[in-house]
Each structure stands twice: as structure tokens, then as C-alpha cells.
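S.K.: Now for the letters of each chain:
There are 4 protein chains.
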Amino acid sequence: MGTNRFEAFSDGVIAILITIMVLEMKVPHGETIEALKPIIPVFLSYVLSFVYLGIYWSNHHHMVHACQKVTGPMLWANLHLLFWLSLVPFATGWMGENHFAAMPSALYGVVLLMAAIAYWILQQLIIASQGPDSLLKKAVGGDWKGKASPAVYAVAIPLAFWSQWVSLGLYVLVALVWLVPDRRIEHVLVGDET
Amino acid sequence: MGTNRFEAFSDGVIAILITIMVLEMKVPHGETIEALKPIIPVFLSYVLSFVYLGIYWSNHHHMVHACQKVTGPMLWANLHLLFWLSLVPFATGWMGENHFAAMPSALYGVVLLMAAIAYWILQQLIIASQGPDSLLKKAVGGDWKGKASPAVYAVAIPLAFWSQWVSLGLYVLVALVWLVPDRRIEHVLVGDET
Amino acid sequence: MGTNRFEAFSDGVIAILITIMVLEMKVPHGETIEALKPIIPVFLSYVLSFVYLGIYWSNHHHMVHACQKVTGPMLWANLHLLFWLSLVPFATGWMGENHFAAMPSALYGVVLLMAAIAYWILQQLIIASQGPDSLLKKAVGGDWKGKASPAVYAVAIPLAFWSQWVSLGLYVLVALVWLVPDRRIEHVLVGDET
Amino acid sequence: MGTNRFEAFSDGVIAILITIMVLEMKVPHGETIEALKPIIPVFLSYVLSFVYLGIYWSNHHHMVHACQKVTGPMLWANLHLLFWLSLVPFATGWMGENHFAAMPSALYGVVLLMAAIAYWILQQLIIASQGPDSLLKKAVGGDWKGKASPAVYAVAIPLAFWSQWVSLGLYVLVALVWLVPDRRIEHVLVGDET
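Residue numbers (our numbering), protein chains in the order written: chain H, 1 to 194; chain X, 1 to 194; chain D, 1 to 194; chain P, 1 to 194.
Check the hints yourself; a few may be wrong.
Note that identical chains are pooled: a pair holds if it fits in a single copy or bridges any two copies.
Restricting the straight-line Cα-Cα distance to at most 27 Å, the calculated cross-link-like pairs of lysine-lysine (DSSO-like) are [as the list claims (entries may be wrong)]:
#1 Lys137 - Lys147
#2 Lys138 - Lys69
#3 Lys147 - Lys69
#4 Lys147 - Lys26
#5 Lys137 - Lys69
#6 Lys26 - Lys37
#7 Lys37 - Lys138
#8 Lys37 - Lys137
These are calculated hints, taken from the structure and not from any lab test.
Throw the hints in and build the complete structure from the sequences for me.
M.R.: Structural data, given as C-alpha cells:
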């Protein structure tokens, strides 16, 4: 099985997720600027999730690019990843509508953590299938981002019950770290040393 | 007519279905963990349907892969399959919101049964179009999974009025049986004997 | 501009339309079979619209297949067609929720009529771009289906105020006529005479 | 990274956006023609946004066509554009449901302005990546449309508080200017002088 349909299906699901999140932002009834106020936290959480899904789409793209053949387990590891990503709109909406309350902020972190673990599993399956000379293994190198992110989420989740703003700050921090262009895979693919 | 656009359209519909099911999981109003409680059955039914749609996507992919040419009847048999799959989010939502009550659990089985029959019709059409040396026929072999699944659903539907938990157990069982990697088609495609 | 992205975008929109129509079928609150009763007309109108969108998808596919190059006007004629198709879920929902009342049944016909006209415009643009030896022109031949359908809709719309069942019968009739395999384009494409 | 998946993802998001806007047009409860009256402004704003998203899809297509390689910054500039486009259904719904009140009409302009700026950034990134002989630079030429549109939006936004009809007239005007077939890129691509 080639990677084409695999990619197309993943892209489709992520494109739909990133778009239906907007549906959680209900059109307010008033016509004044005040009517928009209660939507601000929903909007901010939407922005954060949009960035996260954008990061997943971009990284997923690079990872699949470094993979030649899709096996059955990869297919299910991918569906597992998409499952957790599909909960992002729900977690985003709950967090936004409750103005970043402790419990929803913690749950948001749980969804991010599970998605990060699912991504890591998929990555390991692809690396294992490529053998000792794995292109992807060379590309991700020490993979400190992939290792640090779940650790940060795991810390941020319980912290939410002490101060959710610290947790949210950590979620934003992880997103920013990933936003910094990650040329590792690109470099290896074009022949540079990491 | 090639299989490309046929595949892309089917993928698109399944990707959308698997994603919009989450919309049935309404964001709760409270911010406590208790607010999530009434959503648990909705969530569990969502997980089951996610797995079912994942199975259909994966099997559909392999089946179409073993098919070279799409005829008019295949096109409509495929739309027929997509029609029953499109009712999965509705049946899932009804079952989840009523905490797996008897009637919704039975209806869920009816949708699964009709989808299984629609899938079988599409498979037969492809096999028939390929003549006696059908690659797909060799690939599915005795097709005991394809034959047993509708039979199990047919038993599970009336059982729901006696105990819906038995029916649900059967639905989960069938899903698990399909989840076990089914290398039949892959084997034939790479030249192994079944 | 090739036809690939043109096709993919049209497929995407039709796949989304065919799927979001199910969202109009709200999950009922009761758990008994009676709770499903008020949904029956919504379900029936959903089935009719599903078939119509399936027909449009299938015919659109064949038409674009007979077209080599997409021009600017074709692109907008296509968006015009997609616009009217995008109103199908709304018209379907309004008709279904009002149990096929006269006015919604007439509006449903108006949407079908406008979509048929938009389809005809797109077809004429493609034929015109292909010159006197147009493959598509030969393929559609006298195009009696394409000419008769809008005429039937135009008759069915005012009839809805006398008896909506006659109008609905006519909508179903047109759908059935199109469902009969239309091998015209396929024949010409493989070299047969029409 | 080639432009294929880049294009497919953008198309997917725009196709979903253009379609889910219809969901904002809630099915009315009455069955008379009067029941449709309050929907008329929602419908009109839907038509305007449909045309705008159609223009963005068409121009995006031509722009990406003139681009051979997608870099990391382009990818994020594209997600930035899709972000603002994803707010179009929200802004459309708010404007339509409040019958084109001043504040929602101004916000609609803000979303159009931000999308136009995001589009311009993406265009500049592609041009910069192509060096002095940029095909896209030659294609867009003086780019008066791309420069004038944000300026008109910037004027229309504050004007909404004086008369929203003037603002809306300006939004419609810009859409009409873009609807006029823009053969600039096509011409350059086939070798004509601009």
C-alpha cells in the first residue's frame, strides 16, 4: 500500500477538524461589540487549537514523506492519532466556553498528551519498518521535541488545578517550540548531516 | 472509469462521517468532571463507531485496490454503502444519548447490518466484473468474516430487547474480529497463496 | 488549467453536502420507536436528496471526464452549480421538518430547477469550448433527459400548491429516469456510435 | 515539498468552509413563505461569502500553479490565510442574523481585510522564493487589485458605523472587480506579455 491514499485520508480528517472547530464558536445574538465578549475565550482557544492542528498536519506531512510503504499497524496507529485529534474540537469548545476553568484546561492537556503519544507510536512504527538505516530515524535524530512535549503536558495537567494559567502557558510554549521551523527531516531528505 | 476519483470520493465521505460524529458530542455546560458524566455513553458509542468506520475505510481501500475498472452498477453500489455509513453518526448519537437503551441499540445493529450487506453487494459486483480469475475472489477466499458479520448482527438486533448489553458485546466482538490484521488481500496481491 | 483540481474540489463539496445533510436529522430525545416517527419525513427527504446528489456527482464525473481543459467561465459555472447544490440540505431539511408541506415542496423543486439549469450552462460551456467536433456534444446527443428534467421541475413547482404529492412524485420520477444507467457518454468515449 | 498536498489541503479547507456556511442558515420552523423572510439577509450574506470564497479558491489555485516548491514559511503563511478564511462563516452568520447591523458589517470587513493581507503575505513569500525572474511576479504585474482591495476594506470598516450599506456596497464592488476574469497569471503562464 502506497502512502498516497493514507496521506489524503489524514489530510481530509485534519482539514475537517480544523474547520468544524469554528462551528463551536456560536454566532452571538446581540449586534454590539459586547455580544462578542463572551466569545473571546472561545476564540483564543480556537486559535491555539488551530495552531496545534496546523503543526500536526505539517509534521505528519513530513513524516509520511519519509515513509515509502504503509503497513496495517501503521494504518491503525494513524487512525489512533486521528481519533485523539478528533477530540480537539470538543476539548477546545469545553475549555473556551468555561473561560479556561481548571478541569477543562486539564482535559485539554490530556487530549494533547494522548495525541502526542499516538504520534510517537506512529513514528516508532515507521522507523521500525525502515530497519537500521531508517531515513526517518536519522531525520528526527534525538527527537528532543517529541520527547519533551508529552513530558510538559504531563506536568501541565495536574498544574491546572493549582493555576490553569500556568498550564495554558505551557501549552502555548510547546506550540511555539514546534512552530520554530524544524528543518531536521527536510535536511536529511536533501542529504545534509544533522 | 478509473478507480482514482471513486476512491477519493469514498475517502472524503468516510473522513467527513468519522469527523462529524464528534459534533454529536455536545460540549457540556458545567465545568466540573461531573458535567462530563452524561457524555460517557456518547463517548463510548463514538469510540465504537470510530473503529467501525476505520475498519470500513481500511477494507474499502484494499477492495478497491484489487479492482481495476469502475462500472455504473459499482458506482451505485458504493453510494448505497456510503448511504448506510452516513446513518452511523445518527444511530451512534441516538444510542449514546439514550445510554444504550434497547431500541436505539437495536437500530444501531440495523445500520451495521445494512452497511455489511451493502459492502457485500459491492464486493460481489467487483468479483463478477473480474470474471473467473477474479483477483478479489481469490483474495477474500471463503470470506468467513464477511459472511459471519451480518449473521451476528441479525442475531444481535432482536437480542437487544432482551438485553442490549449482549447486543453491544456482539457489536464489539465483530469489530475486534475485523481489527485483527486481515492479510488475505495483501497476500494475494503480492503473490502468496491464501 | 487541468481538470484534476477542478474535479477534486467539486468532489469535495458534493461529498461534504451529501454528508452534512444527515446533520439535519436531529437525534430524537425519546428512546422508543415512537420517537423516530417525526423523523420519518426528514429521513425520506434525505434519501431523495442523497440520490439526487449521487446522480449529480456521477454525471459531473462523466462530463468532466470528457473535458480536457478548464477555462475561467467553466470554473465559475461550476461554482454556480455547486452553489445551488449547497442549498439542497437546507431545502431538504425544510421540506422534511414540515412533513412535505406545499411551500417547502415547491422550494425544493426550485432548488432542483436552478441546479439543473446551472448544470446545463456548464455543459454548454464545455461543449462550446470543444468546437464542432465536441466529444461531449456527441456523448450527450439529443440530451432529452437534460432538457426534460427542468421542464418537469417547472411544472412540478406550481403543482405543489394544488397537491404536493404530485410534485414529489415528479421529483422521484426524474431521479429514477436518471438512475437508469446512462451509457451515452461512456459509449462515445469508448468509440461506439450513439 | 511539492505543491500537491499543499493544494489538496487548501482545497479541502476551502471546500468545507464554503459548505458549512449553509449550516448557519437554520431551517425555519414555519412552512409558509413568511417563515423564509428572516432568512433573507442570512441568505444574501451567504451568497456574498460564497462568491468571496470562490474567488479565493480560484486565485489560490492560479497562484500555487505558478509555484514549484513549498517552503516552511509558505506553509504557515498558507495556514494563516486559511485561519482568516475559516472565520468567514462566523462573520457571515453574525452579519446575516443581525440584518447587516453596523458592528457585524464592520467585523465582516475586518475578516476580509485580514484575509487579503494574509493572501498578500503568501504571494510575497512565493515571489521572494522565485528570485528576480519570478514567474508569479511577472504574472501579477502591478497587482492593482491586490493592493486596492485591502485599502477599500480599510475604508469600508469605519464607514459601517456611518452607513453599513456603503460598506456592503464596497464589499460587493471588490467582489465584482475580482469576478471579472483575471487573465494575468494565465497569460504569463502561456507566454504572453502582460
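S.K.: Now, for every hint given, state plainly whether the structure supports it.
M.R.: Outcome of the hint check:
1. Lys137 - Lys147: within (14 Å within a copy, 42 Å between copies)
2. Lys138 - Lys69: both (18 Å within a copy, 23 Å between copies)
3. Lys147 - Lys69: within (25 Å within a copy, 30 Å between copies)
4. Lys147 - Lys26: Answer is neither: 36 Å inside a copy and 33 Å across each miss the 27 Å cutoff.
5. Lys137 - Lys69: both (15 Å within a copy, 24 Å between copies)
6. Lys26 - Lys37: both (12 Å within a copy, 22 Å between copies)
7. Lys37 - Lys138: neither (48 Å within a copy, 45 Å between copies)
8. Lys37 - Lys137: neither (47 Å within a copy, 42 Å between copies)
In this structure, the earlier hints numbered 4, 7, 8 are contradicted, and the remaining ones agree with it.
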